[in-house]
Amino acid sequence: MPGRRWFTLITLLLCAVATSSGAAGQGGPAPQPGERVRVRIVGPEPALIGMRCEGWVAAVAKDTIVLGQPRECPRGSHAAVLRVARGDCGSRLAHAGLGFLGGGLAGGIVGRVAAGDGCRISPCDDGEIAVVILTVGGAAAGAALGTLLGALLPAGPRWLTETVTRPLRVAGVEVHPGVQVSVGGHDGN
74 MPGRRWFTLI
84 TLLLCAVATS
94 SGAAGQGGPA
104 PQPGERVRVR
114 IVGPEPALIG
124 MRCEGWVAAV
134 AKDTIVLGQP
144 RECPRGSHAA
154 VLRVARGDCG
164 SRLAHAGLGF
174 LGGGLAGGIV
184 GRVAAGDGCR
194 ISPCDDGEIA
204 VVILTVGGAA
214 AGAALGTLLG
224 ALLPAGPRWL
234 TETVTRPLRV
244 AGVEVHPGVQ
254 VSVGGHDGN
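The numbering of the sequence shown is the numbering used here, which starts it at 74 and goes up by one.
It is worth saying that the hints were derived from the structure and are not from the lab. Heads up, a few of these hints could be off.
Cross-link-like lysine to any residue pairs, in silico, SDA-like; alpha carbons within 20 Å at most [as the list claims (entries may be wrong)]:
no., residue 1, residue 2
1, Lys135, Ala228
2, Lys135, Gly175
3, Lys135, Glu108
Restraint ranges, calculated between C-beta atoms of paired labels, are given here [unchecked claim]:
no., residue 1, residue 2, range
4, Gln105, Leu221, 16 to 24 Å
5, Arg113, Pro227, 15 to 23 Å
6, Gly170, Ile122, 38 to 46 Å
Where is the CB? At the ideal position from N, CA and C, for every residue including glycine.
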């Protein structure tokens, strides 16, 4: 059945995309200063194991990550597993909008092809109405399905998990950029 083949093909395509994006999220280069990270503490203090926090990388010293501007992260030195924000997966609204347009177009085409000339009985006088109904119905069904599938796609930052445990130092560095202007006169002496 042709419909079943299309369904199988689409399912395989979606599985391939999901698998490749999941595999790309592992490993990766070390975080750089200024990048956003999520941290899960794995040691050495038993009371803090499993604690999660988020912040920005202030510095990288050899294998140690210095976390500045932490959010609810205890100050001190810890062993941690990091997730680094690299890139963006887009927005759910944009994905749903593209799914609506693409699904509506594909559904309309499938509906029109399925309608044929609209007549199945020899004395046919309302074939045009059947073609319109099947085309519009296919477009509506395709748009609804496309919107749903688009909304299910991942959105927000793309988080890459490092495969090694790193030393982490939470420094609580607060950076406040500013400009100082002096208006006092300088007589050159």
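Distance restraint evaluation - Gln105, Leu221, Cβ atoms, bounds 16 to 24 Å: violated, 37 Å
Restraint check for Lys135 with Glu108, where alpha carbons must lie at most 20 Å apart: holds, 17 Å
15 to 23 Å as the expected CB spacing between Pro227 and Arg113, which holds or is violated: Once the Cβ atoms are compared, 20 Å apart, the range 15 to 23 Å for Pro227 and Arg113 holds.
Distance restraint between Lys135 and Gly175, which requires alpha-carbon spacing of 20 Å or less: Distance of about 48 Å is beyond 20 Å: violated.
Gly170 paired with Ile122, Cβ distance criterion 38 to 46 Å: The hinted range 38 to 46 Å holds for Gly170 and Ile122, with Cβ atoms some 43 Å apart.
Pairwise hint evaluation, Ala228 against Lys135, where the allowed Cα distance is 20 Å at most: violated, 33 Å
Of the numbered hints given earlier, the model fails hints 1, 2, 4; all others are met.
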